[in-house]
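Asker: Here's the letter readout for the chains.
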Amino acid sequence: MISKVLLALGLAVLMAVTGVASYVYLGSRQSKVVAPAQKPTASTPLAQAFTLPGTIYLEQAGALYSFSAGRFHQLTPEVGWTQPALYPDGSHLLAVKRSGFYSDVFVLTPYGGVTAQLTNNAASPRNAWDTGANAWSFYPRLSADQRTLWMSYDGPKYVGANYFDVDMAVWAVPVGAPIRSGKAWTVANNYTGGDMQPVPVPGGIIYTKYTYDENGNRTGQLWFTNRAGSAGHALTSTGAGCLQPAISPDGGRIAMICTYQKQVSYLEIATWNGSGLGALQILISDQIVAEPIWAPDGSGIAYLAPGGPAAPFQLWFLPKNAYAPPPASPIPTPSPTPGGPHNGPLPSPTTSPAPVAPIVKPIQVTTNLGFDATSPLAWLG
Amino acid sequence: MTTITLVVLAVALSAVAGGFAYFLPAAATALQETGQAVTIASPSPASILFSPSPSPSSIAVSQGAFTVLLLGSDDDSKFSADHVLTQSMILVRVIPATKEVTMLSIPRDLYVHLSTGGFGKIDGAYSYGAAGAAIATVEQDFGVHVDDYIWVGLLGLIKVIDAIGGIDIVTSNPVMDDYYPSDIYGNSPYDYQRVAVLAGPQHLDGIHAMEYVRSRHSDLQSDYGRSKRQQQVLQAIRAKAKQLHPSDVPALATAIGGELKTSIGLDKVAQLVPLAASFDNPDAIRQVLLLPPYARSGAPDGSLTPNWGLILPLVHQYFP
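Respectively, the protein sequence lines represent chains B and E. If you count the first sequence from 1, position 281 lands on 281 in my numbering, and the numbers rise without skipping. If you count the second sequence from 1, position 11 lands on 1011 in my numbering, and the numbers rise without skipping.
If we strip away everything but chain B, and leave its shape as in the complex, we get (with noise of 0.2 Å):
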């Protein structure tokens, strides 16, 4: 009778155990796609050994973080900082703090510290009521001598209330000074959204313009210019849906995503002369891929794309050899010497095959953060 008992008890128990075990297995099984992307800091970045050069500041979930030497080390708390750019001389950050209505450009130090307030965006009491009496900054960066801000901004509005049309276009103002010392370069293109990521270059700035096309898509395109008050001229075609300009650290090439309208991108590199560019060579083609920024040495290129289908973006590294491989070494052909020991007729000589130049693809750098890809990189060497 005992026995019996007990051994209800324990298929009681077996069963028990079974059907908690069913459930737990089965929520185990949930895709990794759903899964909350790690904080940088809480994460291994490479399961191999291999460390990026410098120190990589970048953005995820409202937060700045630095990483070098293969750590993360967040710098500020998740309140809305995003695009980190570099003071020419590597001293300081200028980075945005987005809140609901309006973004402003900070300096912090490069451990995170705020040392300077550099727009003030928020609508003033006496027209808070007004959601359009705030305005954005955003892509902020600073002129080689580091005296002059550059940024997109889309203030002010003269027009008041009720006005629809929000377009931001390239500004410049003085270091420190108000927004009313500084001075648009650009004339943005009605309802597109205007002009972003102006990228200082000698002689004037590279940014991204947007437009319509003869279709009636918005596309963006690379545009030049080297005075105040003017467009400049395009460097991209509308069809090839040019954005987020980056400048190599020699000056001499532009990299850039380019979408072709649509929904996928391409990482593309092309020659920089001063006012134009080259032809344009895809390196990364039909997958999502985002924020080109060139290593401070010259090693290479790091961008931001899906760690898989469909899943949050990663920090991946594209070494130089990929875009510029070396030159191939010069290989000895032994050719026939008249005159010597041989003493038929001479060989033909062959043809060498020539030498196939490996594949370099691209480094996946990290593995289960979650980047938005909207914030620029900033790579200090």
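Everything labelled a hint here was simulated from the structure, so no lab data went into it. Don't take each hint at face value.
[What the hints assert, rightly or not] Result set (DSS-like, lysine-lysine): computed pairs, CA atoms no more than 25 Å apart in a straight line: (1) E:Lys-1099 x E:Lys-1228; (2) B:Lys-262 x E:Lys-1099; (3) E:Lys-1242 x B:Lys-262; (4) E:Lys-1099 x E:Lys-1242; (5) B:Lys-39 x B:Lys-4; (6) E:Lys-1242 x E:Lys-1268; (7) B:Lys-262 x E:Lys-1228; (8) E:Lys-1099 x E:Lys-1268; (9) E:Lys-1228 x E:Lys-1242.
[Said to hold, decoys possible] Example chain B residues on the side facing chain E (calculated, C-beta under 7 Å, incomplete): (10) Ser-31; (11) Val-34; (12) His-92; (13) Val-166; (14) Pro-202; (15) Thr-219; (16) Pro-296; (17) Pro-309; (18) Asp-372.
If you're wondering where the values come from, they're calculated on a predicted model, not measured in any experiment. From the three backbone atoms N, C-alpha and C, an ideal C-beta is built for every residue, glycine too.
Keeping the supplied structure of chain B fixed, place chain E upon it in accordance with the hints.
Answerer: Frame of chain B; chain E shown alone:
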């Protein structure tokens, strides 16, 4: 021997029970929100603007093709339940045999004869008679047969996208809007907020994807531009959904509970899942927008005047 059989049976039963418990919330949601009955009022002959193409349903049956009307609504507190406008109306034709998909975005401001009587913007049809009225209006005005509908509310779209871990999308331009309705998480449904969805390839969570597809103030193409963005997001959701595992279903069902309704029955859903996964060429998805001259502004209350002479041949080309 009998004891061992009983023990094995009991263990197997408890394993099944564990699985049943795991999928129970999903099953409950599915039963509640799928297979919604639709009452479609027969339009009076006078209200039919043209003769519908002959026996469309027989064509659908013969090829296994079917047509679904996707409806997206503002369902915030400005509206009472089921009396909402359908700000997004997309007619989707699927031909499984050839793996062809056609998505026709119907401008929400199109001035049409409503199935419930009178004329008005087509987005009002749902508010007068729920899905049945919206379907009947589309069927009578466009001369198509609608097999099923799927309705999703604002919060539903946000929850769906968050539940699948966000979507990857290439936004063609910055979407800037100073007068975006702050009606989902704001204090008042009549407040405004500013949005700035920056351009480029990016990963969007639910709230930002909603901002991307819903904003229309800063778009010269207004509702047309918005329709393009809606189709992009739908394709991105589809791409992401292909990566899901059946074990994700309960969490997904919990997330979208109450924010989605469909006339598609559970049995058909089971058939559609593998079918959707087999469509692996996004370029094979045909996107159709009724841009001018198919519709022009100038109708009452800012609505659009349809050019039926152009619209109907186009629609019947893809929705026979």
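Asker: Each hint needs a verdict: does it hold in this structure or not?
Answerer: For each hint, the structure was consulted:
1. Taking the CA atoms of Lys-1099 of chain E and Lys-1228 of chain E, the gap is near 21 Å; set against the 25 Å cutoff, the hint holds.
2. At most 25 Å may separate the alpha-carbon atoms for a hinted pair to count; Lys-262 of chain B and Lys-1099 of chain E meet this at roughly 20 Å.
3. Under the criterion of a C-alpha separation no larger than 25 Å, the hint pairing Lys-1242 of chain E with Lys-262 of chain B is consistent with the structure, at around 20 Å.
4. Of the pairs offered as hints, the one joining Lys-1099 of chain E and Lys-1242 of chain E holds, with about 16 Å between alpha carbons and a cut-off of 25 Å not exceeded.
5. The suggested pairing of Lys-39 of chain B with Lys-4 of chain B is violated, with an alpha-carbon distance near 54 Å, which exceeds 25 Å.
6. For a cut-off of 25 Å, the pair hint linking Lys-1242 of chain E to Lys-1268 of chain E stands: about 18 Å separates their Cα positions.
7. The suggested pairing of Lys-262 of chain B with Lys-1228 of chain E holds, with an alpha-carbon distance near 12 Å, which does not exceed 25 Å.
8. Distance check on the hinted pair: Lys-1099 of chain E and Lys-1268 of chain E sit about 17 Å apart at the alpha-carbon level, within 25 Å; holds.
9. For the proposed pair Lys-1228 of chain E and Lys-1242 of chain E, the alpha carbon gap of about 22 Å is at most 25 Å, so the pair holds.
10. The restraint placing Ser-31 of chain B at the interface with chain E holds, with a minimum CB-CB distance near 4 Å, inside the 7 Å limit.
11. Because the closest C-beta pair between Val-34 of chain B and chain E is about 4 Å apart, less than 7 Å, the hint holds.
12. A hinted interface residue such as His-92 of chain B counts as satisfied when its beta carbon comes closer than 7 Å to some beta carbon of chain E; here the least separation is about 24 Å, so the hint is violated.
13. Interface hint status for Val-166 of chain B: upheld, as the beta-carbon distance to the closest one in chain E is roughly 4 Å, under 7 Å.
14. Against a cut-off of 7 Å between C-beta atoms, the interface hint on Pro-202 of chain B is violated, since the closest Cβ of chain E lies about 26 Å away.
15. The criterion of a C-beta within 7 Å of any C-beta in chain E is met by Thr-219 of chain B, whose closest approach is roughly 6 Å, and the hint holds.
16. Proximity of Pro-296 of chain B to chain E is violated relative to the hint, the smallest CB-CB distance being about 23 Å (cut-off 7 Å).
17. Annotation: interface hint on Pro-309 of chain B holds; nearest CB of chain E at approximately 6 Å, less than 7 Å.
18. Proximity of Asp-372 of chain B to chain E holds as hinted, the smallest CB-CB distance being about 5 Å (cut-off 7 Å).
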